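Visitor: Below, each chain spelled out in residue letters.
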Amino acid sequence: MAGLIVAQAQEAPAENTGETMQSETTMEVVGDELHAAEEELHEATELHGDEHATGVFPPFDPATFGSQLLWLAITFAALYLLMSRVALPQIGGILADRRGRIDADLKAAEESRQKTDAAIAAYEEALASARAKAQGIASESRDAIAADLAAKRTRVEADLAAKVNAAEAGITQTKTAALAHVDEIAAETAQAVVSQLVGDVSAEAARSAVAKVKE
Amino acid sequence: MAGTDPIHQFVIEDIFPIATIGGEDGLHLAFTNSALFMVATVAVISLYLILSSSGKRLIPNRVQLLSELLYEFVANMVRSSAGTEGMKFFPLVFSLFTFILVANMLGMVPYFFTVTSHIIVTFALSMLVFLTVIVYGFVKNGPKFLKLFVPAGVPGYILPIVTPIEVISFLSRPISLSVRLFGNILAGHITLKVFTGFMVTMIPLGFFGAAGSLLPLLMGIALTGLEFLVAAVQAYVFAVLTCMYLNDAIHPSH
Numbered sequence: 001m002a003g004l005i006v007a008q009a010q011e012a013p014a015e016n017t018g019e020t021m022q023s024e025t026t027m028e029v030v031g032d033e034l035h036a037a038e039e040e041l042h043e044a045t046e047l048h049g050d051e052h053a054t055g056v057f058p059p060f061d062p063a064t065f066g067s068q069l070l071w072l073a074i075t076f077a078a079l080y081l082l083m084s085r086v087a088l089p090q091i092g093g094i095l096a097d098r099r100g101r102i103d104a105d106l107k108a109a110e111e112s113r114q115k116t117d118a119a120i121a122a123y124e125e126a127l128a129s130a131r132a133k134a135q136g137i138a139s140e141s142r143d144a145i146a147a148d149l150a151a152k153r154t155r156v157e158a159d160l161a162a163k164v165n166a167a168e169a170g171i172t173q174t175k176t177a178a179l180a181h182v183d184e185i186a187a188e189t190a191q192a193v194v195s196q197l198v199g200d201v202s203a204e205a206a207r208s209a210v211a212k213v214k215e
Numbered sequence: 216m217a218g219t220d221p222i223h224q225f226v227i228e229d230i231f232p233i234a235t236i237g238g239e240d241g242l243h244l245a246f247t248n249s250a251l252f253m254v255a256t257v258a259v260i261s262l263y264l265i266l267s268s269s270g271k272r273l274i275p276n277r278v279q280l281l282s283e284l285l286y287e288f289v290a291n292m293v294r295s296s297a298g299t300e301g302m303k304f305f306p307l308v309f310s311l312f313t314f315i316l317v318a319n320m321l322g323m324v325p326y327f328f329t330v331t332s333h334i335i336v337t338f339a340l341s342m343l344v345f346l347t348v349i350v351y352g353f354v355k356n357g358p359k360f361l362k363l364f365v366p367a368g369v370p371g372y373i374l375p376i377v378t379p380i381e382v383i384s385f386l387s388r389p390i391s392l393s394v395r396l397f398g399n400i401l402a403g404h405i406t407l408k409v410f411t412g413f414m415v416t417m418i419p420l421g422f423f424g425a426a427g428s429l430l431p432l433l434m435g436i437a438l439t440g441l442e443f444l445v446a447a448v449q450a451y452v453f454a455v456l457t458c459m460y461l462n463d464a465i466h467p468s469h
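Chains as they are written, first to last, in this note's numbering: chain P, 1 to 215; chain X, 216 to 469.
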C-alpha cells in the first residue's frame, strides 16, 4: 500500500512536468524504471531550477506530513474550541433571545387581542342593551302620549257631542215653538186683513178659517 | 518556467523549522506555508464569527446576519440528517464545514496556498469523522452498533454477501471522503493553472499566438467561477456526509 502510493507519487510529477515543460528528459522518465525515474527527476527539477526539493509530487511527499498533521491538529483543535466555547454559543444565544422575544411578543399580542375582543364584546353588549332600553323608553313614551291623546280626544269628542245634542235640542224646541206660533200669527194676520177689508170679525172665526186652510 | 508550472503551487516550504525528531531522515516539524494558511483560516473564521456577533443585536446588521445564516444553515443540515440528537456534534460539523470552506476560498486567492489540496489534511479530517463515528457508535450503542452492517429486513441467506459489502463501504468512507475533497481541489487548481499557463506561453508566439491566447483566458475565467462553486460545494458535501455518517453512529439500525 505504502509502496504503491510512493510509486504513484513519483510517477505523477513526472507526467505533469512532462506535459507542461515538454522537456525530453522528463518524457524519458515516464517510461523508465522507478529508480532511474527518481534520479532523472532530480536532474530535471534541478535543471529547471524547480523547488521540488525531494522530487516527489508535493501532496504525496511524506516528509511534509508531520508538519501538516501537527499544525492541522493545533489549528483545528483551536477552531473547534473557539467555535464550541465562544462563537456558536454567542450566535446561538442571539438566535434564542430573538426567538424568545418573538414568542413573548406574539403572546403579548395574543393577550392584547383577547383583551380587545373582550372590550369589543362588552361594548357591543352595552350598545345592544342601551339600544333596547332606548327603544323601550321610546315605545313607552309613544304609548303614553298616544293614550293621553286618545283620552283627550274622547273627552273633547264627548263634550262636543253633548254640545251638539244640546244645540240640536234647542233648535228643535225653538222650531216647535215657532211652528206653534205660526197658527196664531196666521190667525191674527187673517183677522187683521179681514177686518181691514170687510169689517170686524171675531178671533174665533179667523182661527177656524186658518185651521180650515191648514187642512 | 516556474511561473507556469502547475505543481509549484502545492509545494510546502518551511517558514521556520521547529524540530527534527530522529536524525536527518526523521520526522521534520516546521511552521510551513500550509500551517500559515491553516492559522489564517482559523483566524478568519473565529474573528469574523466572534466579532460579527459580539454586538448581539436583536435586529442583525449585515455582518451579523451572515454569521447567523451560516449557523442556521449548518444547524439545519445537522438536524435534518442526524436528528436533534445529532446536535451534540454541531460544533464539530460547523468547524469542519467552515474550515474546509474558508480554506478552499482562501486558496482561490492568487499566490495563496490551498490547505485542502494536500491528501494528508483531507485524510486527517475524514479520519477524525470516521473515528468519531466508531467511538461514539460503540460508546452509545455498544455491540448493537454492529447492526449497521446487518441491514434490517434482509433475508438470512443474503447476509453473507451484504455484510461484507457494508463493511467495505463503511471502511472506504474515510478514503472516499478525503479523496473527493483533495481530488476536486487539486484537479481544479491544476486545470486553472494549466489553462492560464497556456496564455502565458502563447502570447510571445506572435500575432496569432496572442490572439489565440484569448481562448485560454476565457477558459480561465470560466474555470475560476467553477472553482469557486467547487470550493463551496465540496465543503458542503464533506459536511453533509459527516452528518450522515454521524447519523449512523446515533441510529445504527438502518
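Watch out, some of these pointers could steer you wrong.
Unchecked claim - Selected chain P positions facing chain X (in silico; Cβ < 10 Å):
(1) P59
(2) F65
(3) S67
(4) Q68
(5) L69
(6) A78
(7) L82
(8) M83
(9) A121
(10) Y123
(11) E124
(12) A150
(13) A151
(14) T154
(15) R155
(16) S195
No lab work stands behind these hints: they were computed from the structure.
From a predicted model like this one, the values you see are computed outputs, not experimental measurements.
The beta-carbon is built from N, C-alpha and C at its ideal position, and this holds for glycine as well.
Visitor: Now tell me if each hint is right for this structure.
Guide: Do the hints match the structure? See the list:
1. Evaluation of the P59 of chain P hint against chain X yields a held restraint, the C-beta minimum of about 5 Å falling below 10 Å.
2. Interface hint at F65 of chain P: satisfied, since its Cβ lies 5 Å from the closest Cβ of chain X, which is below the 10 Å cut-off.
3. With its C-beta approaching chain X no nearer than about 5 Å, S67 of chain P sits inside the 10 Å limit, and its interface hint holds.
4. Restraint check, Q68 of chain P versus chain X: the minimum CB separation of about 5 Å is within 10 Å; hint holds.
5. Taken as an interface hint, L69 of chain P checks out: its beta carbon lies about 6 Å from the nearest beta carbon of chain X, inside 10 Å.
6. Using the Cβ-Cβ criterion of 10 Å, the hint placing A78 of chain P at the interface with chain X is satisfied: the shortest such distance is roughly 6 Å.
7. The criterion of a C-beta within 10 Å of any C-beta in chain X is met by L82 of chain P, whose closest approach is roughly 4 Å, and the hint holds.
8. With a least beta-carbon distance of about 5 Å to chain X, the hint placing M83 of chain P at the interface is held under the 10 Å criterion.
9. Taking 10 Å as the C-beta cut-off, the interface hint given for A121 of chain P is violated, the closest approach to chain X being about 35 Å.
10. At its closest, the beta carbon of Y123 of chain P sits 36 Å from a beta carbon of chain X; the interface hint therefore is violated under the 10 Å criterion.
11. Given hint, E124 of chain P at the interface with chain X, is violated; its Cβ is 38 Å from that chain's nearest Cβ, farther than 10 Å.
12. For A150 of chain P, the shortest C-beta to C-beta distance to chain X is roughly 75 Å, which exceeds 10 Å, and the interface hint is violated.
13. Restraint check, A151 of chain P versus chain X: the minimum CB separation of about 77 Å is more than 10 Å; hint violated.
14. Given hint, T154 of chain P at the interface with chain X, is violated; its Cβ is 82 Å from that chain's nearest Cβ, farther than 10 Å.
15. The beta carbon of R155 of chain P comes no nearer than 83 Å to any beta carbon in chain X, farther than 10 Å, and the hint placing it at the interface is violated.
16. Here the hint on S195 of chain P is broken, as its CB sits about 137 Å from the closest CB of chain X, past 10 Å.
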